[in-house]
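Chains as they are written, first to last, in full-length UniProt numbering: chain L, 1 to 302; chain B, 1 to 334.
The hints are simulated quantities; they were obtained by calculation from the structure and are not laboratory data. Don't take each hint at face value.
Computed list of lysine-lysine pairs in BS3-like fashion (alpha-carbon distance at most 27 angstroms, straight line) [stated by the list, open to error]:
(1) L:Lys259 x B:Lys296
(2) L:Lys179 x B:Lys93
(3) L:Lys91 x L:Lys179
(4) L:Lys183 x B:Lys93
(5) L:Lys179 x B:Lys59
(6) L:Lys257 x B:Lys313
(7) B:Lys296 x B:Lys313
So the derived label-pair ranges between C-beta atoms look like this [as the list claims (entries may be wrong)]:
(8) B:Tyr298 x L:Asn40: 47 to 53 angstroms
(9) B:Gly102 x L:Gly186: 35 to 41 angstroms
(10) L:Gln149 x B:Tyr298: 22 to 28 angstroms
(11) B:Gln297 x L:Asp226: 21 to 27 angstroms
(12) B:Gly38 x L:Leu164: 16 to 22 angstroms
(13) B:Gly102 x L:Pro117: 42 to 48 angstroms
(14) B:Ser263 x L:Gly186: 45 to 51 angstroms
Covered by chain B, according to a simulated footprint, are these stretches of chain L (three or more residues, beta-carbon under 8 angstroms) [claimed, not checked]:
(15) 163 to 175
(16) 186 to 194
(17) 213 to 221
(18) 239 to 251
Bear in mind the structure is a predicted one, so any value in this text is a computation, not a measurement. Think of the CB as a built atom: it goes at the ideal place given N, C-alpha and C, for glycine as much as any other residue.
So the chains spell out like this:
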Amino acid sequence: MNDNNKLNVAILGSGNIGTDLLVKVGRSNYLDCTYFVGRNHDSHGIQIAQSLGVRTSIDSIDALIKDSDSFDLVFDATSANGHNIHAPIFKQMGKISIDLTPSNIGEMCVPAVNLEPCLNFTEISLVTCGGQAAIPLAYAIGQTQTNIQYIEVVSSISSMSAGLATRNNLDEYIETTEKAIGKFSGCNDVKAIINLNPANPCIDMQTTIMAIVDQPDLMKLQEFIDQIVLDIQMYVPGYQLIISPTIENGRMIVMIKVKGYGDYLPPYAGNLDIINCAAISVAEEFAKKRSNKGGYHESSVN
Amino acid sequence: MNHLLISDPTLRDGSHAVQHQLTMDHILFYAEHAEHTGIPILEVGHGNGLGASSLQLGKSLVSDTELLVQCRARLTNTKLGIHVIPGFATINKDLNNALDIGVDVVRVASHCTEANITKRHIEYSRNREKEVFGVLMMSHMASPAVLVEEAKKMESYGAQAIIIMDSAGASLPVDVHEKITALVHHLDIPVGFHAHNNLGMAIANSITAVESGATILDGTSRGFGAGAGNAQLEVLVAVLHKMGYQTGIDLYRLLDFADQAESLFCTPPHISSVSVISGLTGVFSGFAKPVERIAKQYNIDPKDVFFELGKRKIIAGQEDLILDVAIWLSHHAK
Numbered sequence: 001m002n003d004n005n006k007l008n009v010a011i012l013g014s015g016n017i018g019t020d021l022l023v024k025v026g027r028s029n030y031l032d033c034t035y036f037v038g039r040n041h042d043s044h045g046i047q048i049a050q051s052l053g054v055r056t057s058i059d060s061i062d063a064l065i066k067d068s069d070s071f072d073l074v075f076d077a078t079s080a081n082g083h084n085i086h087a088p089i090f091k092q093m094g095k096i097s098i099d100l101t102p103s104n105i106g107e108m109c110v111p112a113v114n115l116e117p118c119l120n121f122t123e124i125s126l127v128t129c130g131g132q133a134a135i136p137l138a139y140a141i142g143q144t145q146t147n148i149q150y151i152e153v154v155s156s157i158s159s160m161s162a163g164l165a166t167r168n169n170l171d172e173y174i175e176t177t178e179k180a181i182g183k184f185s186g187c188n189d190v191k192a193i194i195n196l197n198p199a200n201p202c203i204d205m206q207t208t209i210m211a212i213v214d215q216p217d218l219m220k221l222q223e224f225i226d227q228i229v230l231d232i233q234m235y236v237p238g239y240q241l242i243i244s245p246t247i248e249n250g251r252m253i254v255m256i257k258v259k260g261y262g263d264y265l266p267p268y269a270g271n272l273d274i275i276n277c278a279a280i281s282v283a284e285e286f287a288k289k290r291s292n293k294g295g296y297h298e299s300s301v302n
Numbered sequence: 001m002n003h004l005l006i007s008d009p010t011l012r013d014g015s016h017a018v019q020h021q022l023t024m025d026h027i028l029f030y031a032e033h034a035e036h037t038g039i040p041i042l043e044v045g046h047g048n049g050l051g052a053s054s055l056q057l058g059k060s061l062v063s064d065t066e067l068l069v070q071c072r073a074r075l076t077n078t079k080l081g082i083h084v085i086p087g088f089a090t091i092n093k094d095l096n097n098a099l100d101i102g103v104d105v106v107r108v109a110s111h112c113t114e115a116n117i118t119k120r121h122i123e124y125s126r127n128r129e130k131e132v133f134g135v136l137m138m139s140h141m142a143s144p145a146v147l148v149e150e151a152k153k154m155e156s157y158g159a160q161a162i163i164i165m166d167s168a169g170a171s172l173p174v175d176v177h178e179k180i181t182a183l184v185h186h187l188d189i190p191v192g193f194h195a196h197n198n199l200g201m202a203i204a205n206s207i208t209a210v211e212s213g214a215t216i217l218d219g220t221s222r223g224f225g226a227g228a229g230n231a232q233l234e235v236l237v238a239v240l241h242k243m244g245y246q247t248g249i250d251l252y253r254l255l256d257f258a259d260q261a262e263s264l265f266c267t268p269p270h271i272s273s274v275s276v277i278s279g280l281t282g283v284f285s286g287f288a289k290p291v292e293r294i295a296k297q298y299n300i301d302p303k304d305v306f307f308e309l310g311k312r313k314i315i316a317g318q319e320d321l322i323l324d325v326a327i328w329l330s331h332h333a334k
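Okay, chain L solo, but in the shape it has when bound (with noise of 0.2 angstroms):
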């Protein structure tokens, strides 16, 4: 906690992801970023990060270790290499970690889910942008529905949005989505799918879940899904169901989509805006149980 009784969080990974965070943290009541991380002076993030006065490094993790002292909270923001890389030293330092790569390592976190639960761990990790949207999905269908035989989420997102590290990762992606789909819904056999659309103007998020369910309750998934949108809305106001829960050839579908803020893109790219509103939640979160423990020096990091 710093003077301000913000919780000092530091952003590590200059792309999209990182840069679009950053302007969240900006605007948190909770939140002050005293230090944002990248690789590359040229970075377009790190010469945001400077025109805003947030002190800069471009020695990745080394600038973190250096100056542990400065900053509480870290969001990894780089690739899911680099976030394997990252956990430990984290974690010997003794900071809570948001990881937002799809490494798959820590606590799988969705805030309309199960973010109190979270709040006991510090390695927490957000799965993936098609994760935090179709995971609250599949864990209604989980809670309403019996003998779920099959679950299946695809999203959809605009080629502009996805920069190299995720386009380098789509198979973490996939593979964590579809451990985090088992996990809360309670399924075993499920299936991720990502696509990416170079369309001009360019396309909001879009995901869909599909599912093989013995006998449908669309009346109780439909109650299920308008409160756990309700829910989500709370932290991603651009979540929309655009297909209730519907039968098509024998699949149970809904469809949802996210419009983005247009924090540092454009708001097409919602699968910015979830993951990253889903870190902001995540984080203001531990930084108001900190402030409730009467700060930084008597509430303990482990």
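Based on these hints, arrange chain B on the given structure of chain L.
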């Protein structure tokens, strides 16, 4: 160059024609006869390739593993090929297993502007010492300059040839000429072409590709493939031979093979009205079956669905958007 490499995706693209319900009996018949006929490469799998069996695209009757193991056992001189799209198939879950089974040719594909998603799959397959082609799908949606740029990325990852697919059968010979000429000029690796027949151009486009410098062509028995089908293999080979090109394929055997394949399962696709619209609007040929099904359920004209999908620039793999468009049309279009 007088010799052309022919690749036969009847058991992959044709899978679209039967909603991915090819039976093992038919697959085995086809693989055995492809070997006997001297087909250089036989490409097999779900219509959208490895790991694509899904509710989104249709579940396969036969699993990737069963299919590959059985075909592997029947092919000696004919190489076993697969189509792989990152975003559907992962290295750990799908590709690794396929390479262990003994696939010879790996064709790693992306939408024509997204080549950098193929990097890891291409590099992995090259490291496993497979023959690897890069495939740019829906090539009508990119200019020659963009295709060159994307193809060069695939070349830099290790692709040993580049195939451009006219996945919506939307291209005219003049387009094919322009694109293939540019690719041949700028790349150091062979260039190939994969046709669809939505506008009746499959053979003409394939021939134009060859005359523009392509050395790899795809064709399927009776044209059995998505939408209005592909370049009809036996016609393609006959025309190429007439023009003086060599394919290494015995035309007489090929014609007999096609007759037998037709009598079993390779129903010749016709150019339906919906396929014409799919070609005109530049929407993936594989959408034909689900569009017809969903349009019927929502009591709307499938042609309108294709027009709206084309307007939204929906690409292959986004089949879930068909339902979105159909519901939207049923509320707004009347």
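Hints, one by one, checked against the model:
1. L:Lys259 x B:Lys296: violated (31 angstroms)
2. L:Lys179 x B:Lys93: holds (13 angstroms)
3. L:Lys91 x L:Lys179: holds (23 angstroms)
4. L:Lys183 x B:Lys93: holds (18 angstroms)
5. L:Lys179 x B:Lys59: holds (21 angstroms)
6. L:Lys257 x B:Lys313: holds (17 angstroms)
7. B:Lys296 x B:Lys313: holds (22 angstroms)
8. B:Tyr298 x L:Asn40: 47 to 53 angstroms: holds (49 angstroms)
9. B:Gly102 x L:Gly186: 35 to 41 angstroms: Cβ of B:Gly102 to Cβ of L:Gly186: about 37 angstroms, so the range 35 to 41 angstroms holds.
10. L:Gln149 x B:Tyr298: 22 to 28 angstroms: holds (26 angstroms)
11. B:Gln297 x L:Asp226: 21 to 27 angstroms: Taking Cβ atoms as reference, B:Gln297 and L:Asp226 lie about 24 angstroms apart, which means the hint holds.
12. B:Gly38 x L:Leu164: 16 to 22 angstroms: Distance hint for B:Gly38, L:Leu164 is violated at roughly 43 angstroms.
13. B:Gly102 x L:Pro117: 42 to 48 angstroms: For B:Gly102 and L:Pro117 the Cβ distance comes to about 47 angstroms; the hint holds.
14. B:Ser263 x L:Gly186: 45 to 51 angstroms: holds (48 angstroms)
15. 163 to 175: holds (count 7)
16. 186 to 194: holds (count 3)
17. 213 to 221: violated (count 0)
18. 239 to 251: holds (count 6)
Going through the hint list in order, the structure does not satisfy hints 1, 12 and 17.
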